[in-house]
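Protein chains: 2
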Amino acid sequence: MAGKKLQGIGLPGSGCEWFWPGEDCRVPLDDRGLAYADGLFETLRVNHQGPVLMAEHRARLLHSAHQLEIPFGPTDFDEWQQQASQRGLLKCRAGNDQILKITLTRGSGGRGYGRPEKPRPRVLTARLQAPPIPQGSVKAQLCRYPVQVAPHRAGLKTLEKLDQVMASRELRGDVFEGLMPDSAGHIVEGTRSNLLLLLSDRHLVTPPSRSLAVQGTLRDWLIRELPTRGLRVRESALTLSMLKRAQGVAVVNSVFGVVPLAELDGVTLGQHPLLEDIRDWCAQQIGLAAGTT
Amino acid sequence: MAGKKLQGIGLPGSGCEWFWPGEDCRVPLDDRGLAYADGLFETLRVNHQGPVLMAEHRARLLHSAHQLEIPFGPTDFDEWQQQASQRGLLKCRAGNDQILKITLTRGSGGRGYGRPEKPRPRVLTARLQAPPIPQGSVKAQLCRYPVQVAPHRAGLKTLEKLDQVMASRELRGDVFEGLMPDSAGHIVEGTRSNLLLLLSDRHLVTPPSRSLAVQGTLRDWLIRELPTRGLRVRESALTLSMLKRAQGVAVVNSVFGVVPLAELDGVTLGQHPLLEDIRDWCAQQIGLAAGTT
Numbered sequence: 001m002a003g004k005k006l007q008g009i010g011l012p013g014s015g016c017e018w019f020w021p022g023e024d025c026r027v028p029l030d031d032r033g034l035a036y037a038d039g040l041f042e043t044l045r046v047n048h049q050g051p052v053l054m055a056e057h058r059a060r061l062l063h064s065a066h067q068l069e070i071p072f073g074p075t076d077f078d079e080w081q082q083q084a085s086q087r088g089l090l091k092c093r094a095g096n097d098q099i100l101k102i103t104l105t106r107g108s109g110g111r112g113y114g115r116p117e118k119p120r121p122r123v124l125t126a127r128l129q130a131p132p133i134p135q136g137s138v139k140a141q142l143c144r145y146p147v148q149v150a151p152h153r154a155g156l157k158t159l160e161k162l163d164q165v166m167a168s169r170e171l172r173g174d175v176f177e178g179l180m181p182d183s184a185g186h187i188v189e190g191t192r193s194n195l196l197l198l199l200s201d202r203h204l205v206t207p208p209s210r211s212l213a214v215q216g217t218l219r220d221w222l223i224r225e226l227p228t229r230g231l232r233v234r235e236s237a238l239t240l241s242m243l244k245r246a247q248g249v250a251v252v253n254s255v256f257g258v259v260p261l262a263e264l265d266g267v268t269l270g271q272h273p274l275l276e277d278i279r280d281w282c283a284q285q286i287g288l289a290a291g292t293t
Numbered sequence: 001m002a003g004k005k006l007q008g009i010g011l012p013g014s015g016c017e018w019f020w021p022g023e024d025c026r027v028p029l030d031d032r033g034l035a036y037a038d039g040l041f042e043t044l045r046v047n048h049q050g051p052v053l054m055a056e057h058r059a060r061l062l063h064s065a066h067q068l069e070i071p072f073g074p075t076d077f078d079e080w081q082q083q084a085s086q087r088g089l090l091k092c093r094a095g096n097d098q099i100l101k102i103t104l105t106r107g108s109g110g111r112g113y114g115r116p117e118k119p120r121p122r123v124l125t126a127r128l129q130a131p132p133i134p135q136g137s138v139k140a141q142l143c144r145y146p147v148q149v150a151p152h153r154a155g156l157k158t159l160e161k162l163d164q165v166m167a168s169r170e171l172r173g174d175v176f177e178g179l180m181p182d183s184a185g186h187i188v189e190g191t192r193s194n195l196l197l198l199l200s201d202r203h204l205v206t207p208p209s210r211s212l213a214v215q216g217t218l219r220d221w222l223i224r225e226l227p228t229r230g231l232r233v234r235e236s237a238l239t240l241s242m243l244k245r246a247q248g249v250a251v252v253n254s255v256f257g258v259v260p261l262a263e264l265d266g267v268t269l270g271q272h273p274l275l276e277d278i279r280d281w282c283a284q285q286i287g288l289a290a291g292t293t
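Chains as they are written, first to last, in my numbering: chain A, 1 to 293; chain V, 1 to 293.
Among the hints, erroneous ones may be present.
Since the list can't tell identical chains apart, any single copy or any two copies may satisfy a pair.
[Said to hold, decoys possible] In the DSSO-like style, the derived pairs of lysine-lysine whose C-alpha atoms are separated by at most 30 Å in a straight line are:
| hint | residue 1 | residue 2 |
| --- | --- | --- |
| 1 | K157 | K118 |
| 2 | K101 | K118 |
| 3 | K118 | K139 |
| 4 | K91 | K101 |
| 5 | K101 | K139 |
| 6 | K157 | K244 |
| 7 | K244 | K101 |
| 8 | K139 | K244 |
| 9 | K244 | K91 |
| 10 | K157 | K101 |
| 11 | K118 | K244 |
| 12 | K157 | K91 |
| 13 | K139 | K157 |
| 14 | K118 | K91 |
Don't read these hints as lab results, they were simulated from the structure.
Treat the numbers as computed from the prediction; the structure is a model and nothing was measured.
This is chain A alone, in the form it adopts within the complex (with noise of 0.2 Å):
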């Protein structure tokens, strides 16, 4: 039954399965995605130039597969990334950015919870239309729908996204993204994106990695890079007031790069241009374009 709807097995030995767009695709009801959210997934911006971040997105994928145990290495991160290729599915035109989704569970079966003795992961790639990259600042508002993170799996993008469904119906009207608390009342991220803070002194913050439900491909590539401009980003807990009192906020992610926020629940925020600058900086190094469908 399972190989009905396949194309492109992978390498002889690499043991998964390879779904890819464009076909019937559909996973068993066994799927241990679909039963226990027992695997990950990774969405990456694809544009004339090629996917953006995939280095970084290729770590976390392994990372998070490597802490779930599930057997996918960097030979069939490879391996997908090679036949996505001959599909045509990492370059598009210019001005039609594609976003692909990968989506890598355990597979089928294993009794209850307890997982296969010898699993065959499903790689599930989807495609779809790249949505606008905002031109500007854009509005954020508070969810009252908190994040819980699961210590032991905090940053991994798992499929477990409960959390980030729940706190999404409270988004009304032209808001861009919603905040999210964790039971302490510190702001720890947005629906889909990290937060960067821009602190009176200049300094940028960002939550600390082990408070994070996803932590974040440009999060990362923000921290490690924005050295070579002059400026750090240091890890510390938020506060309302402190997102209220800074200099700028901006929400992070690989899909639209760093957006600076205007407002959050109608309450107008800083808007320093140093992080117009780092916007504009990293869309340039990254390969984003503002306005890009």
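Mind docking chain V on chain A? Use the hints.
Relative to chain A, chain V alone:
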């Protein structure tokens, strides 16, 4: 595409997609249960008398759907039950018990975490051979992997089950169940069961519902019905030393009933005959036979 694999479309206006055993049942990759664990499930034991604790499973499924705001109400459940009955899924030959797994997802689509405006939930019914109900008492193991309870979803049997998957991998040999601690070190529940303790004063306790990842149907049934036997269960956080000092410890769920533990990590636990009495009485009341496969 969605229509191809369907059978038994629900009542006009019910707005669900139904999947039944015995077909080439597969869900599209954009199913939100697969993408974001945006759904829930129930696991029912079915024997020659019918489903075990059907009313309780129905109530929990409807409550969970309501909490997740998945449009699936009493009429939809009754439609499921009627169709399942017509397919002969709610009875089986004596000695050949079955498990029905009902998975309810929000269906396809929506952009990112945001939910589709008009969700069309999917009801996936799977049937499995029921595991044997152990006779006598069994061994348990304390898992190192902690359970994390999202306060807003405490007790709901959602598709987010990575804690249970990760804890289950620790189970060795003939261990029947793994007990999971929370981050504060309390012993909260088993990977697939709740806990029932007999304290030295013959009082029964079980961890508080707000601390539970899954609020079991049998746990609630016992709290409600034991008073008819002159016994009460009160809620209390449990520590490891309480388990070791108790007159008896049992794991409970509606698939295997009340199962006393003989030992935990090789340490012999209390073996008061009252737990055996409760096991036998409960099995008779809800319709379970020890040793039944």
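Okay, the hints, checked on the actual structure:
1. K157 to K118: Classified as both; 23 Å inside a copy, 27 Å across copies.
2. K101 to K118: both (25 Å within a copy, 23 Å between copies)
3. K118 to K139: between (48 Å within a copy, 26 Å between copies)
4. K91 to K101: within (14 Å within a copy, 42 Å between copies)
5. K101 to K139: Within. Shortest intra-copy distance 26 Å satisfies the 30 Å Cα cut-off; inter-copy 43 Å does not.
6. K157 to K244: Answer is within: at 28 Å inside a copy they meet the 30 Å cutoff, but 38 Å across does not.
7. K244 to K101: Classified as neither: same-chain Cα gap 34 Å, cross-chain 48 Å, threshold 30 Å.
8. K139 to K244: within (13 Å within a copy, 55 Å between copies)
9. K244 to K91: neither (40 Å within a copy, 61 Å between copies)
10. K157 to K101: both (12 Å within a copy, 27 Å between copies)
11. K118 to K244: Answer is neither: 52 Å inside a copy and 36 Å across each miss the 30 Å cutoff.
12. K157 to K91: The answer is within: 24 Å in one copy meets 30 Å, while 41 Å across copies does not.
13. K139 to K157: So K139 and K157 pass the 30 Å test inside one copy only (25 Å; across, 35 Å).
14. K118 to K91: neither (35 Å within a copy, 33 Å between copies)
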